[in-house]
Amino acid sequence: MEQFNHYFLDTIKKRYADFNGRATRSEYWYFVLFYIIIAIVLGMLDTFVVNPMMGMSATDAAQGGILQMIFALALIIPSIAVGVRRLHDIGKSGWLMLIGLIPLLGALVLIYFFVQESK
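Each number in the working numbering corresponds to the 1-based position in the sequence shown with 20 added.
If you're looking for bench data, these hints aren't it; they were derived computationally from the structure.
It is possible that some hints are incorrect.
With beta-carbon atoms standing in for the labels, derived distance ranges [to be verified]:
#1 124 <-> 44: 18 to 28 Å
#2 116 <-> 57: 39 to 49 Å
#3 56 <-> 116: 18 to 28 Å
Pairs of lysine to aspartate or glutamate, EDC-like flavour, derived with a Cα cap of 20 Å [unchecked claim]:
#4 112 <-> 22
#5 33 <-> 22
#6 112 <-> 137
#7 34 <-> 22
All C-beta atoms in this analysis are idealised placements derived from N, C-alpha and C, irrespective of residue type, glycine included.
Working from the sequences, and respecting the hints, build out all of it.
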């Protein structure tokens, strides 16, 4: 619970749109871990509770739900910001986040950068 408060909630509350500074490897990966866990839980809530209440069929619900969409939109800026700070921590420019726009290859290059040790 301490990691959740320190690495996820504090990142959202105190450094929501802070693109300056550095993010350690553990800060970045804990943020990603908790983001994924919350997204999965919200996806299950959407699938089994919210979507049936809204009268969506199974095929409509497979496209995602309202809770996941709100969560993703609310955290898009902190997600980019923590990625930029992580790139700063390894001595790279934050503009390298744009490599992620290249399908598959961009994601693999960013993962390679994000697992490197701090400099």
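Each hint, compared with the structure:
no.	hint	result
1	124 <-> 44: 18 to 28 Å	27 Å, holds
2	116 <-> 57: 39 to 49 Å	27 Å, violated
3	56 <-> 116: 18 to 28 Å	22 Å, holds
4	112 <-> 22	29 Å, violated
5	33 <-> 22	15 Å, holds
6	112 <-> 137	12 Å, holds
7	34 <-> 22	16 Å, holds
Violation of the numbered hints given earlier is confined to hints 2 and 4; the remaining hints are satisfied by the structure.
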